[in-house]
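Novice: All chains should be built: construct the whole structure from the sequences, respecting the hints.
Read top to bottom, the protein sequences are chains X and V.
Per my numbering, the first sequence starts with residue 1, numbered consecutively.
Per my numbering, the second sequence starts with residue 1001, numbered consecutively.
Don't read these hints as lab results, they were simulated from the structure.
A virtual CB, placed ideally from N, CA and C, is assigned to each residue, including glycine.
Some clues are possibly wrong.
Unchecked claim - Taking lysine to any residue pairs in the SDA-like style, the calculated list, with each CA pair at most 20 Å apart, reads:
1) K1312/V to D312/X
2) K53/X to T1259/V
3) K53/X to Q1257/V
4) K1316/V to P304/X
5) K53/X to G1255/V
6) K1316/V to G132/X
7) K1316/V to A293/X
8) K1316/V to T306/X
9) K53/X to F1253/V
10) K330/X to N262/X
11) K53/X to K1312/V
12) K53/X to G1251/V
13) K1316/V to K53/X
14) K53/X to Q1258/V
15) K53/X to R1261/V
16) K1312/V to P194/X
17) K1316/V to D316/X
Said to hold, decoys possible - Here are the in silico distance ranges between beta carbons for each label pair:
18) D331/X to E1323/V: 17 to 23 Å
19) H305/X to E1014/V: 36 to 42 Å
20) E1271/V to G79/X: 42 to 48 Å
21) S236/X to T1318/V: 38 to 44 Å
22) K1312/V to E204/X: 45 to 51 Å
23) E1271/V to H305/X: 35 to 41 Å
24) D1065/V to G203/X: 57 to 63 Å
25) A293/X to A1309/V: 39 to 45 Å
26) D1284/V to L133/X: 45 to 51 Å
27) P151/X to D1198/V: 43 to 49 Å
28) T1318/V to P250/X: 39 to 45 Å
29) A1319/V to S239/X: 30 to 36 Å
Claimed, not checked - Now the stretches of chain X that chain V is said to cover, found in silico as 3 or more residues with beta-carbon under 8 Å:
30) 26-39
31) 120-128
32) 136-146
Listed below are the residues making up each chain.
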Amino acid sequence: MARTMTYREALNEALVQEMERDQSVIVMGEDNAGGAGGPGEQDAWGGVLGVTKGLYPRFPDRVLDTPISESGFIGAAIGAATRGMRPVAELMFVDFLGVCFDQIYNQAAKFRYMFGGKAVTPVVIRTMYGGGLRAAAQHSQALYPIFTHVPGLKVVLPSSPYDAKGLLIQAVRDDDPVIFCEHKALYDTVGEVPEEPYTIPFGEAGIVRDGEDATIVALGRMVAVAVEAADDLAPSGVSCDVIDLRTTSPLDEDTILESVENTGRLIVVDEASPRCGMAADIASLAAREAFGALRAPVQTVTPPHTPVPFSDALEDLYLPDAQRVANTVKDVMNRER
Amino acid sequence: MTETLPVTAGVLDERRLLDAYRTMRTIRMFEERVHEEFATGEIPGFVHLYAGEEASATGVCAHLDERDAISSTHRGHGHCIAKGVDVKAMMAEIYGRATGSCHGKGGSMHIADLSKGMLGANGIVGGGPPLICGAALAAKLQNTGGVGVAFFGDGASNQGTTLEAMNLASVWNVPVVFVAENNGYAEATASSWSVAADSIADRAPAFGMPGVTVDGFDFFAVYEAAGEAVERARAGGGPTLIEVEFTRYFGHFEGDQQTYRTDEVARARAERDCLRSFRARVMDSGLLSAERLDEVDREVALLIDRAVAEAKEAPKPTAADLETDVYISY
Ligand SMILES: Cc1ncc(C[n+]2csc(CCOP(=O)(O)OP(=O)(O)O)c2C)c(N)n1
Ligand SMILES: [Mg+2]
Chain X
1 MARTMTYREA LNEALVQEME RDQSVIVMGE DNAGGAGGPG EQDAWGGVLG
51 VTKGLYPRFP DRVLDTPISE SGFIGAAIGA ATRGMRPVAE LMFVDFLGVC
101 FDQIYNQAAK FRYMFGGKAV TPVVIRTMYG GGLRAAAQHS QALYPIFTHV
151 PGLKVVLPSS PYDAKGLLIQ AVRDDDPVIF CEHKALYDTV GEVPEEPYTI
201 PFGEAGIVRD GEDATIVALG RMVAVAVEAA DDLAPSGVSC DVIDLRTTSP
251 LDEDTILESV ENTGRLIVVD EASPRCGMAA DIASLAAREA FGALRAPVQT
301 VTPPHTPVPF SDALEDLYLP DAQRVANTVK DVMNRER
Chain V
1001 MTETLPVTAG VLDERRLLDA YRTMRTIRMF EERVHEEFAT GEIPGFVHLY
1051 AGEEASATGV CAHLDERDAI SSTHRGHGHC IAKGVDVKAM MAEIYGRATG
1101 SCHGKGGSMH IADLSKGMLG ANGIVGGGPP LICGAALAAK LQNTGGVGVA
1151 FFGDGASNQG TTLEAMNLAS VWNVPVVFVA ENNGYAEATA SSWSVAADSI
1201 ADRAPAFGMP GVTVDGFDFF AVYEAAGEAV ERARAGGGPT LIEVEFTRYF
1251 GHFEGDQQTY RTDEVARARA ERDCLRSFRA RVMDSGLLSA ERLDEVDREV
1301 ALLIDRAVAE AKEAPKPTAA DLETDVYISY
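Specialist: In C-alpha cells:
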C-alpha cells in the first residue's frame, strides 16, 4: 500500500532529506526549534504549526532560532545564500512580509540580473498564507501575487502533501530565491507521499481533473475547492478540467491554453484579492492567446476587494467556496455565444 | 514582599485605588473567562491572554486621560480595558459579533476604540511603536498636552520598527512612553536569549532617553515609574523607556502546550501575583478594607458574566457588512 502522510509531515520530510543530503542547507526562523534560553524543552515548538518539529535535535547546528527581527534574519538568509549556503528561512505568516520586504524584493530578487549573472541566491522563504482559521486581517492574507509581481522571485503554492514534498525539495535545490507559500488550512490534509526524495519541476501545472466543458484554474487551497465544484457539477453533465498551477512564477501558460483551446471556457479561482492578482493575470492570458477559442467571457472567483474579516459569518462569505465556483461555471455554460 | 508603599502611593486616594483594583480585577476575570470559554470551542481564532500582567496596563494608564493615545499588541485585552474600552463590546468582538468594538471585523487581535485613544491591539509584532510616535507628534503639533504610550513585548523589543521608533521619538523630542512588557518569553523563546543586552532598559541610553526596569507584579512600582515618565513627556522632556518584568500566566496563545517552561507560573501566582499583593498592601496599610475589595470582585464578576451572555446572544454580522468600511471600486 502506498504510504500516506500529512502536508505538514511531507514538508518536514523534505527538509530532513535535503539537510541530510546537503550540509549547506540550514533552517532558520522564529521558534523553528523553540525553547531557546528557557528551562524547558528545546525544540519546544518546531515552528508555530509544527512543520520544523524534530529538526533541531537532528541538526542542532543547522537549525537557528531567531529573535523577532524579520528584516534581520530574512536578510541574513539571503546573504548566506550568496556565500554558498542554502538557507530555508521561515517568514511565519506571509502577512509579516511588510517587515522585511526590502531584503526580498530589492536584494534577493535582483542580485542575479543586476550583477550581470554573477550571483546566485539559492534561498527559500517558507511562509504560511490564507484564510479559514478566523485569524483575522493581519494573519489570513493570500499575498503571493505581490511576490509574483517581482521579477527574479519564484513563487510556489503546493496544494497537496505530494506536491508539498516534491516542490520543497525542488525549491531547496533551485538556485533562485523561492517564496514557498503553505496554506495553513492544508497542514492536516493527508495524501500519498513517496518515501524517497523527488522533485517537481517549477512551471509545470498539474491537471487534477479531466473534462470537456470548462477549464477551472486554481492554486493552493483553492484547488480542493475547484475539485469539489467539478465533482458537484459532474452529475449534471458538466465536466471540467481542473488545473493546479503549483507555481505562479514561472507560470505554466501552455497547460492553461491547451485546456482552454479544448473547452472554450475559463474560470479562475483565486484566494487573493481580485486586483492585480493571478485571476486577472490568467484572464488576460486567455484574452491574449486563446481569444478565438473562448466561447464565453472568462470569469474569476475571488474574495471581494476587502481585508479579511474576522467573524466566521463574514469570513465564510469572503472566501471562495465550491458552490460559488459551481455557480460560476453554470453561468459560463449558459452564456453561450 | 515589602508591605510599605512607595511615597507616590500616598497621592492615590481611595477612589483611585479602587479604580486601579477594579481595572486589574476586570482584566484578570476577563482573561480567565476567555480562557474557559475558548476551551469550549466557541471562540474562534487566535487569542493571547494578558493575565499576570495587569499591573502594567493599569499602572501606566492610571496616568492617562482622553488626550492620550496608546498602541498595543496581539496581547491587547488588558491595554484596552485599562484605557477604558467597553468590556461588553470587547467580549462581543472576541465572539465575532456585530455588537463588538469593531463590528466583528477585527477580533481579539484587533480590538480598538479610537474615541478612547486606543489605537488597536496589533497582529504585527512591533507594529505599534512607530504609530505612537505619530500620535505623539500630533499631540505636540496640536498642543493638546497629550502623550503617546507604546506597549510592546520583550520579543517586539528586537524588532527594527521598535528600535527605529525609539530613535525617532528622541530625535523629534515627542512625548512618548515606551513600555516594554518583559514577560520572559516571545512565544517559546526566552527573552534572556533573544535580548542581547543585559536588559531591555539598558538600550535606552543608546536612544538618548532614560530607561528603568520595574517589578511588573507591583502595581505601585509601575505606577510610580510611569508617573515620572508621563510627567516628563507632558512637560516636553521627551521619551522614556520603562521595562516591566513579570510572567504571563497562560500560554503564548490559547492552545500552547508550554513545554518550554517549568513551574514559574505556579510560583508567580502563589508568591508574586499583582492582585494578591495589591490587596495585601492596601489592607495592611489601612487604605481599603477586604469588604470593599470583595465588593469590587463581585461587581466585576457580574459584569463579565453579562458580557459573555450578551456576546453569545448578539447577532453576527451579515452579508451587508462584508464590503462596508473600505474603499472598493470594481
Ligand atoms: C512581525 C511579526 N513577526 C512575528 C509574529 C508572530 N508572533 C506573534 S506574537 C509573537 C511573540 C511576541 O513576543 P513578545 O513581544 O514578547 O510579546 P508577548 O507575546 O510575550 O506578549 C510572535 C513571534 C507577528 N505577529 N508579527
Ligand atoms: Mg514576551
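Novice: Quick one: which hint numbers does this structure break? Sort them smallest to largest.
Specialist: Hints 7, 11, 13, 16, 19, 21, 23, 25 and 31 not satisfied by this model.
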